[in-house]
Structures are given as C-alpha cells and as structure tokens.
Amino acid sequence: MTTYIHPSPSAADAVVESPTAAPATGAPAPATGAPAPGVASAPAPKPRQGLIHGLLTNPKAMVGAAILLVFIALALLAPVLFPGDPSRITDMASLEPSAEHWLGTTAKGQDVMALTVHGARSSLLVGLTVGFASTLVGILVGLASAYFGKFIDEALSLITNVFLLLPGLPLLVILAAFLPPGLGTVILVLIVTGWAGSARVLRSQALSIRSKDFVAAAVVSGERAGRIMFREILPNMASIVMGTLLACVIYGIGAQAGLEFLGLGDVSTVSWGNNLFWAGNEGALMTGSWWVFVPSGVCIALVAFALALINYAVDEVTNPRLRKIKAAVTPANPERSAAK
Amino acid sequence: MRFILRRLGFYLIAFWVSITLNFLLPRFMPGDPVSRMFARSAGQMQPEQIEALRKLLGVDDRPIWEQYADYLYNIVTGNMGVSITRFPTPVTEVIASQIGWTLLLGGTALVIAAVVGNLLGILAAWRRGGAIDSALPPLLVFIGSFPYFWLAMGALYLFGVILGWSPLRHAFSDGLEPAFTWEFISDAGAHLVLPALTIVLVSIGGWMLGMRNTMIATNAEDYITMAEAKGLKPGRIMFRYAARNAMLPSATAFGMSLGFVVGGALLTEVVFAYPGVGYQLLNAVQGLDYPLMQGLFLTITAAVLLANFLVDILYVRLDPRVRAS
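Line order of the protein sequences matches chains A and B. Position 191 of the first sequence, counted from 1, bears residue number 191 in our numbering, the numbering being contiguous throughout. Position 193 of the second sequence, counted from 1, bears residue number 193 in our numbering, the numbering being contiguous throughout.
In short, the hints are calculated from the structure, not lab data. Note that the Cβ used here is the ideal one computed from N, Cα and C, for glycine as well. Worth double-checking, as some hints may not be accurate.
As the list claims (entries may be wrong) - Each pair of labels, with its calculated beta carbon distance range:
(1) B/Phe-239 with A/Val-70: 45 to 53 Å
(2) B/Leu-119 with A/Leu-81: 43 to 51 Å
(3) A/Val-70 with B/Pro-138: 17 to 25 Å
(4) B/Leu-314 with A/Leu-164: 18 to 26 Å
(5) A/Pro-59 with B/Asp-319: 34 to 42 Å
(6) A/Ile-72 with B/Gly-100: 40 to 48 Å
Excised from the complex, chain A in its bound form:
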C-alpha cells in the first residue's frame, strides 16, 4: 500500500482532510508545529480544545498538576535550598526532627530534608525519562503494527506479548545484575521491561482508527506511511497517549524505587529509592528512626497520586460516561479497561 510515494508531502496533502485530524493537517496554511494538543489554533476542531479546556477546569487535574509542580520546583531548586553534598557524612547522627533539621538526620548524620529534596531530582528525572521513552517505543510499535498489519503486525504483537508475559520484577533484577551499575542502566532496564504494556494499548487504539475512512482516503491519495501514522492517526489518539504516558511515568518512578531499594541501582546517587535502601541498610526502623524512612516513601506516593489524579481527569474529560456517577449504566468500555 505504500508503493506510491508522494514526492512533496507537505502542502499538497492538505487537500486530504480528516474529519477530526490535527489542526496542523486541517489548516490551509503551511503545516507547522508538532501534532501536540497544545497547538490548537483558531481553526481547531472542537474536541481537542475540549481536552485542554476540560483539564484546566477539572479540579482533579489541577490538584494533581499543583502537587507535581511543587515537586518539580523543589527538584530544580534543590542546589539553592540545600547547597553542598547532601550525602556528606557528619557527626550529628540519628537526630530527631528539630528546628535545625526539619526531618532529623540519618545514622550517618545526613540531613533527611536535604536528602529528600535532592532525591527528587534523580527520581523525577528517571521517572520522566522512562515514561517518555517507553511511551515513544509503544507509539512506534503500536502505530507500525496497526498501519502495516499482516506480517509486521504478527511479529510485533508476538514480541509485545512475550515481553508482557515475562515476569517483570525478576527480569529487572536479572538485567540490573548483569549490566554495569549506573543511572543509564536503571533507565535502560526500566524501558526494556516497561514498553510492552503501552504498545499493546496503543496498538488496539491505532487499529480502530486505522479502519476509519479518512485513513483510507489518505492511503489512496498516496500519502507517505510516516505521515499517515504521525499526522493522521496519532493526533486522533492524543488522550490515550496521554493516559499511557502518565501510567508509564508512575511505573518508572515506582520501579526505580523498587530496584534501588533492592540495592540494584546506582547506590552513589541520591534518590528516593536509594534513601530507602540506605534507611533499610542502616536499620533505621529497627532503631526507631522513622523520620529517615517516612519522607521518601511519602514523596513517591504523592507524585504517583498526583499523576493518577491527572490520569483520572483525562479519563473524565474524554469519556463522558465517567463524568457523572449516576449516569445510565453502560457496558464496560473495552479500551478503557485495557488501559488499566
């Protein structure tokens, strides 16, 4: 189906319009900008504006975004708020929370508050990187699967299903054990074990859009494969991509913490998972130093909770059935349950 390749895809293809495609394809002006929902300009169709507007007026989304922004600000400001190396060992060991050390100190005399704030940097960085990267892999695999079909779909689906079935945590442990320790390893390992879930969800969504008439029209008019995938199909699944991205970031933060807690991360960096690893290692709980152990866990939970709130908000905005609890009962939406 891609034997006929159009020589100049940009301007000529604007003739073929999809009913709800990205504003970039719909506009007669030269197509510019990424197909992100943010570029919804004047001639943008209604549903896309609805997503942004809906999220801005959704209390869940705003609470989630506020929590997230606070943590991002803390992570960025960490060197200003707590200058110096937070893991420097001092002689003020195992102090309870006080005016001087708001969250007390560890058995090695490190300030827990500084460790927690500095830990946000690595945890958020790894979580976001893993989230974006595994969503990207998922998009590529899912779109290629749905668009090309046939043998490519069979092969990609097989690989996806095998990765879904391999037990995640043991695979993480094995991979981390063989690879040289470091932040790059942690990120790589988490992407390897995390992409398959998003690929499956995105493939099923892309499949249903692939069968729509406007995609067939684009194929017939000779648009290039890449353009159809990323300009015609992808913008129409923006909300499910967003949901997948959020779920992947949650996965990345949680899995990094778990891996580091097992001592398989890079123990020299300061992150929430490593803080908990050291807390366990130094027997913080056995000696009753709960203040060493609580903050990092609560931070992970708050970030995950904030992301989950935004995810629910996206669901609510894009799926009217979920907006009111008292609405008429409907059969479970297969795509929705697949996304969970």
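Assemble chain B onto chain A, guided by the hints.
Frame of chain A, contents of chain B only:
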C-alpha cells in the same frame, strides 16, 4: 483445539526467548561477571566443575552456535549447573527447597485477596453509590500510590517492632525443624500472616474495581430485570444471576496472577526475609551466583507460562464462545 495449539506454540516461543535471553546476557554484557564469580569461589571448586561452569556461562572458545546448542540441551534435560553461594548443591535442588515457601505465601495472599476483593466488588456494584462503592475505591487508589515495599516495611515496623505482634523475619522460628507437627504449622502460620496481609492490602483494590466494573455491566442485562420481576430474593439475583456471569474476567485475572505468584512476591520476601525464590534470587544476585540466578529466572518464567496456558485451557471450558470461533 486449534486455539489451544496456537497458544501452546506462543508459550513455547516465549520460553525459548527467556532461555535465549539467559544465554546471551552473560556473553554479551560489558565487563566480565564470570571472572568476578571465579575469583570469589576459586578455592573450593574442582577443575571439572569449573569447566562445566565455563561452558554454562560461555567462557570457552567454541563457536557460539555450538555453545547455544549445548546450553539448550542442558536446560531441556534440567541441568542448570551448581550453585556458587551454596556450593556444591545443584541449582535445581536449591530451587526445589524454596519454591514451596513462595507458593505458600503467594497462594495464600492471592486466594484471600481474590475472594475478598471480588465480594467487595459485587457488593459495591449492587449498591452503586453506597458506602462501599464511594468510600473504598479512593482509599484503595491512595494506598496503591505508595511503593509496596515501603508499606511492607511500615507494617513490619508497626506490628513487628513496636507492637511485637508479628515475628520479624523468616518463615519459621530458629531451632524448629520443618515437620507436620502442630507446633511447626502454627509457627509457620504466625510468620505467614503479616507478609500475606501486606500483599492482600495492595492487590485487593484491583480485584474489587475489576469485579465492580464488569458487574455494573451485567446488572443492566435484561435477565436481571426479569429475575427481579419474578420476585426472586435479592441475594439470589446478586450471586447466582449477576455475579456468576460477571466472573469470567476475574477468572482470567486469577489465572494470570497465579503465574505471578512465583515471581511477584520478590519484594515481600525481601522485606520479610522470607525464604522463597524471590529472596533467593536477590541473594544470588548479591553473591554473584550466576547459575542460580539463571535457574531461578527460568523457573519463575516457566511457572508464569504454565499458569497462563492452564488458564487458556480453562477458558475454553468456561466460555463457549472461544470454542465456537
């Protein structure tokens, strides 16, 4: 029948992938895990055992396809080499001595979580917007936001250290020998409660929400209205008419979790120092015991694949639509 054969083929491919992964990892990783391991255990190994290990981990000069054929043959015949940390016990023996504890812990937690979670889901869907339906889901989502190991450590601290209700580690007290005596069984039970409860706490939400969502769809079916019109007792409609038809996704999920029982309890076993395969896997990683690590990973994968295959067979029995297509 075709369906079953297709699935069987898929699981065989998946198993082959994990064997190949196991084969390739030590051979293509940067650095040299093998020499590290040899350095650690040099004093206590016989020359022929070193030779066998070299073959297993690929430190010989034969062409790679020959090594691969050899490796496949060894795995298929159940020869996974000798454990380094527990020298000279064969890997298969180490795994056999521990998998029972994992099955006990994971199985108990799974059954409790599935039964209680499904019941809560049925009740929540039956009284939509009622106390269970509105209070529990947000609470469970909030609990689910915490890292599992963090909750487990918190529970261990609260109930083990402060309150002293629960033993702190291991599956039974020191000095007891595993035997079918009342003393041993009650002791093992006491060690089981807290680890199992922490798993139940974090996994119950998924069961409840899944059941609730299917049940809501089932409640809208005509035969429910019909049953109500006939004047049947609500309890009978709820369980025999609605819940029974909503069970199918839960049955599938149960089978899949059955597979993850073997590998999924890794963090639990680490936090509670419970002597199962997950705890052993981490010990093997820390002790650079590569043969044991690989053997454990293959065992866990095999268990997951086997459980999924059994679910597929069961599914054909439960759902006539699969048989028809």
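Consistency of the hints with the structure:
{"no.": "1", "hint": "B/Phe-239 with A/Val-70: 45 to 53 Å", "result": "47 Å, holds"}
{"no.": "2", "hint": "B/Leu-119 with A/Leu-81: 43 to 51 Å", "result": "49 Å, holds"}
{"no.": "3", "hint": "A/Val-70 with B/Pro-138: 17 to 25 Å", "result": "21 Å, holds"}
{"no.": "4", "hint": "B/Leu-314 with A/Leu-164: 18 to 26 Å", "result": "20 Å, holds"}
{"no.": "5", "hint": "A/Pro-59 with B/Asp-319: 34 to 42 Å", "result": "41 Å, holds"}
{"no.": "6", "hint": "A/Ile-72 with B/Gly-100: 40 to 48 Å", "result": "47 Å, holds"}
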